[in-house]
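Trainee: Chain by chain, the residues run as shown.
2 protein chains.
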Amino acid sequence: MADYCVKGFKTAGRAAGIKPDQKKDLGLIVSDCPASVAGVFTRNQIQAAPVILDRERIAGGVGRALIVNSGIANCCTGKPGMRDAIAVSKMAAASLRIIPDQVLVASTGVIGPRLPMEKIEAAVPELVAEARPTGFADFAEAIMTTDTVPKLVTRQAFLGKIPFTVTGVAKGSGMIHPDMATLLAFICTDMGATAQQLQGILKTGVDETLNRMTIDGDTSTNDTTLLFANGRSGAALDDKKSEALFNEVVRDVLGELAEKLVEDGEGATKRIQITVRGARSEAAAHVVANTIAGSALVKTAFFGEDANWGRVVAAVGRAGVPIEPERLEVFFGDVLVFAGGGATAAAEDGRVAAILRRPHCTIIVDLGMGPAQVSVYTCDLSVEYVKINADYRT
Amino acid sequence: MADYCVKGFKTAGRAAGIKPDQKKDLGLIVSDCPASVAGVFTRNQIQAAPVILDRERIAGGVGRALIVNSGIANCCTGKPGMRDAIAVSKMAAASLRIIPDQVLVASTGVIGPRLPMEKIEAAVPELVAEARPTGFADFAEAIMTTDTVPKLVTRQAFLGKIPFTVTGVAKGSGMIHPDMATLLAFICTDMGATAQQLQGILKTGVDETLNRMTIDGDTSTNDTTLLFANGRSGAALDDKKSEALFNEVVRDVLGELAEKLVEDGEGATKRIQITVRGARSEAAAHVVANTIAGSALVKTAFFGEDANWGRVVAAVGRAGVPIEPERLEVFFGDVLVFAGGGATAAAEDGRVAAILRRPHCTIIVDLGMGPAQVSVYTCDLSVEYVKINADYRT
Numbered sequence: 478m479a480d481y482c483v484k485g486f487k488t489a490g491r492a493a494g495i496k497p498d499q500k501k502d503l504g505l506i507v508s509d510c511p512a513s514v515a516g517v518f519t520r521n522q523i524q525a526a527p528v529i530l531d532r533e534r535i536a537g538g539v540g541r542a543l544i545v546n547s548g549i550a551n552c553c554t555g556k557p558g559m560r561d562a563i564a565v566s567k568m569a570a571a572s573l574r575i576i577p578d579q580v581l582v583a584s585t586g587v588i589g590p591r592l593p594m595e596k597i598e599a600a601v602p603e604l605v606a607e608a609r610p611t612g613f614a615d616f617a618e619a620i621m622t623t624d625t626v627p628k629l630v631t632r633q634a635f636l637g638k639i640p641f642t643v644t645g646v647a648k649g650s651g652m653i654h655p656d657m658a659t660l661l662a663f664i665c666t667d668m669g670a671t672a673q674q675l676q677g678i679l680k681t682g683v684d685e686t687l688n689r690m691t692i693d694g695d696t697s698t699n700d701t702t703l704l705f706a707n708g709r710s711g712a713a714l715d716d717k718k719s720e721a722l723f724n725e726v727v728r729d730v731l732g733e734l735a736e737k738l739v740e741d742g743e744g745a746t747k748r749i750q751i752t753v754r755g756a757r758s759e760a761a762a763h764v765v766a767n768t769i770a771g772s773a774l775v776k777t778a779f780f781g782e783d784a785n786w787g788r789v790v791a792a793v794g795r796a797g798v799p800i801e802p803e804r805l806e807v808f809f810g811d812v813l814v815f816a817g818g819g820a821t822a823a824a825e826d827g828r829v830a831a832i833l834r835r836p837h838c839t840i841i842v843d844l845g846m847g848p849a850q851v852s853v854y855t856c857d858l859s860v861e862y863v864k865i866n867a868d869y870r871t
Numbered sequence: 478m479a480d481y482c483v484k485g486f487k488t489a490g491r492a493a494g495i496k497p498d499q500k501k502d503l504g505l506i507v508s509d510c511p512a513s514v515a516g517v518f519t520r521n522q523i524q525a526a527p528v529i530l531d532r533e534r535i536a537g538g539v540g541r542a543l544i545v546n547s548g549i550a551n552c553c554t555g556k557p558g559m560r561d562a563i564a565v566s567k568m569a570a571a572s573l574r575i576i577p578d579q580v581l582v583a584s585t586g587v588i589g590p591r592l593p594m595e596k597i598e599a600a601v602p603e604l605v606a607e608a609r610p611t612g613f614a615d616f617a618e619a620i621m622t623t624d625t626v627p628k629l630v631t632r633q634a635f636l637g638k639i640p641f642t643v644t645g646v647a648k649g650s651g652m653i654h655p656d657m658a659t660l661l662a663f664i665c666t667d668m669g670a671t672a673q674q675l676q677g678i679l680k681t682g683v684d685e686t687l688n689r690m691t692i693d694g695d696t697s698t699n700d701t702t703l704l705f706a707n708g709r710s711g712a713a714l715d716d717k718k719s720e721a722l723f724n725e726v727v728r729d730v731l732g733e734l735a736e737k738l739v740e741d742g743e744g745a746t747k748r749i750q751i752t753v754r755g756a757r758s759e760a761a762a763h764v765v766a767n768t769i770a771g772s773a774l775v776k777t778a779f780f781g782e783d784a785n786w787g788r789v790v791a792a793v794g795r796a797g798v799p800i801e802p803e804r805l806e807v808f809f810g811d812v813l814v815f816a817g818g819g820a821t822a823a824a825e826d827g828r829v830a831a832i833l834r835r836p837h838c839t840i841i842v843d844l845g846m847g848p849a850q851v852s853v854y855t856c857d858l859s860v861e862y863v864k865i866n867a868d869y870r871t
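So the protein lines, in turn, are chains D and A. Start counting the first sequence at 478; every next residue gets the next number (the numbering used here). Start counting the second sequence at 478; every next residue gets the next number (the numbering used here).
The list cannot tell twin chains apart, which means a pair is met if one copy fits it or any two copies do.
Below, a list of computed lysine-lysine pairs in the DSBU-like style, where the Cα atoms sit at most 35 angstroms apart:
no. : residue 1 : residue 2
1   : K864      : K496
2   : K717      : K484
3   : K500      : K864
4   : K737      : K864
5   : K737      : K567
These aren't lab readings, by the way, just hints derived from the structure by calculation.
Between the sequences and the hints, there should be enough to build the whole structure, so can you do that?
Mentor: Take a look at the structure:
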């Protein structure tokens with residue numbers, strides 16, 4: 478098992494009784510010194526209390542700890558919900574003996590119910606007592622909802638001769654779409670950086686990774702990504718070169734988290750990468766890629782392992798980006814299945830069927846209209862997705 | 478059984494061997510005199526050969542006959558596909574002894590394959606011989622794909638003392654979305670009207686009915702709605718009043734077809750009407766309604782008969798229309814479940830559960846921002862939808 482430790486960070490996750498069946502549902506990250514912090518949040522206009530609170534608190538640029546619960550979203554809970562979010566941060570702050578303004582909060586789960594404050598209050602001291610450098614795996618488990626596996630990624634790199642670490646933890650599974658910020662993802666690093674540097678790096682990184690995937694086209698009221706940097710490695714961002722290196726490592730961590738999130742999309746049996754190239758602009762490529770990625774008919778065809786290129790072509794045609802059907806080319810994997818306005822001879826051969834049986838599939842669409850290219854990730858739409866979401870609250 | 482007859486129209490439907498299992502797959506409508514014709518077509522940039530051909534032919538304003546096949550879409554078939562579409566119209570014209578330019582064609586089914594021309598050629602003379610005033614039910618069956626029931630609607634009305642009839646037939650089931658024209662729907666009337674009058678009435682009628690429903694967010698390459706008027710009733714549109722009356726009857730027929738299409742959406746167990754009111758503009762109301770109607774999470778919750786108002790609220794929040802969460806109200810049926818930023822006491826009571834068990838459900842969202850209102854129809858997303866679309870070609 479990988480060691481996810483990051484110098485100066487302690488983490489924990491435990492069952493507080495918010496979720497049934499003694500599942501872990503309360504997680505903590507704490508830095509042993511004040512860390513710089515940056516955040517990217519949902520653009521949904523319905524925002525959960527912890528999102529509103531974190532937006533205010535990261536304006537200060539300093540984060541010391543994060544407390545997250547799963548099971549209940551603390552969304553559409555009005556002023557009492559906001560009081561609850563503040564109270565949770567105060568419970569953590571009191572146990573950690575730090576100031577509440579440097580404690581961030583996040584929640585994920587069902588919209589509507591209030592948090593069970595007594596259960597959380599009872600669990601916080603134990604959670605704080607359990608916090609340790611090797612607690613990332615417990616933390617990752619504690620933030621899961623319909624996720625089937627915890628999602629952790631870590632990278633080590635060197636700035637000059639100084640090693641630094643970036644570890645990311647995420648939860649996803651449903652209500653995920655690229656046009657709003659993202660799900661829950663928390664990144665810890667022992668690099669030294671200002672909050673302003675972190676904000677630029679996080680925003681760019683999220684746009685190129687978490688914002689380029691879709692599971693079901695819905696976006697959450699609780700999407701939150703936070704990046705904490707406590708400087709304990711001794712390395713610090715002090716020039717363009719160090720920023721570029723760190724940027725690349727963070728992007729890499731976010732990219733791998735995105736892949737894991739899509740693979741574990743609700744009910745997913747396959748991860749599908751959709752690359753649109755030959756577009757007039759990156760924006761145009763993105764629109765076409767998202768339209769294919771969001772098509773229920775494309776996604777069910779992949780679930781059925783059916784090389785139904787007609788559905789891909791139909792999605793391209795309705796994306797709203799001008800195309801010339803004669804120039805359009807569609808590949809499944811490396812096999813050209815559509816060109817010159819019709820199917821190729823290879824469209825129905827055994828190679829395509831073999832490609833569709835793989836857990837990772839690729840669709841390439843070449844519009845033949847320009848130089849721009851974008852890739853996005855999606856997953857298939859399965860019977861299990863419907864079952865999970867029909868029964869979510871029962 | 479209703480009598481769908483329209484003066485001067487004969488119809489038929491039979492099995493030509495395009496679909497397996499001897500299912501009806503070839504349909505004919507013919508008027509005993511030249512009729513005025515209007516059409517509304519898909520806005521998908523990938524268009525099937527019959528769509529391209531019909532667009533050209535309706536420019537002449539006169540239609541005499543329509544031949545439709547199901548099973549194969551004749552789309553992405555290039556120039557050979559266009560030659561096939563023209564050849565089918567010629568076969569019908571030869572058997573009917575009319576000119577091919579007044580024969581319209583339509584196809585629906587799998588994208589890619591060529592039409593089996595020999596089978597169609599063999600079937601056309603019999604199809605023509607079978608055409609009769611009472612053949613609408615056979616015709617409706619012949620245009621079905623994954624539809625589980627044929628869809629027919631008829632209305633009689635009086636212009637002064639002269640009775641006239643409007644009969645509509647449609648097929649739908651999947652790949653259906655409001656922002657493009659529509660599925661296949663054909664309307665026959667014995668009212669007298671110019672092609673220009675018909676075009677205005679059809680466009681408005683489709684915008685208010687077929688374009689206000691979504692089943693799965695995908696739009697087809699073959700969507701076609703045609704309106705034929707042969708004047709055989711003796712009544713004719715000769716003033717604003719007669720146009721208004723006829724417009725209302727056509728809209729009524731299209732509206733009932735839309736309801737039938739949503740009820741028979743692929744795998745659907747429920748029809749859901751979504752009304753958004755209190756919007757600043759009709760366009761804004763439409764965007765919010767379509768976002769809710771297209772949400773996989775809302776649709777799966779209805780399949781699970783789960784009063785998950787949080788998913789409705791989250792869809793409203795991401796629709797891209799400015800809202801004030803405190804003003805937002807959500808009703809399931811006539812029960813207010815969300816107001817003032819949170820759930821009402823009624824949200825979890827038995828009345829809501831009872832509403833969700835009905836085959837027809839209503840969601841009302843009041844944005845509290847203005848006077849505009851729009852209603853759209855959708856259906857739930859079921860396990861069966863995924864199964865149908867995973868296995869469609871096999």
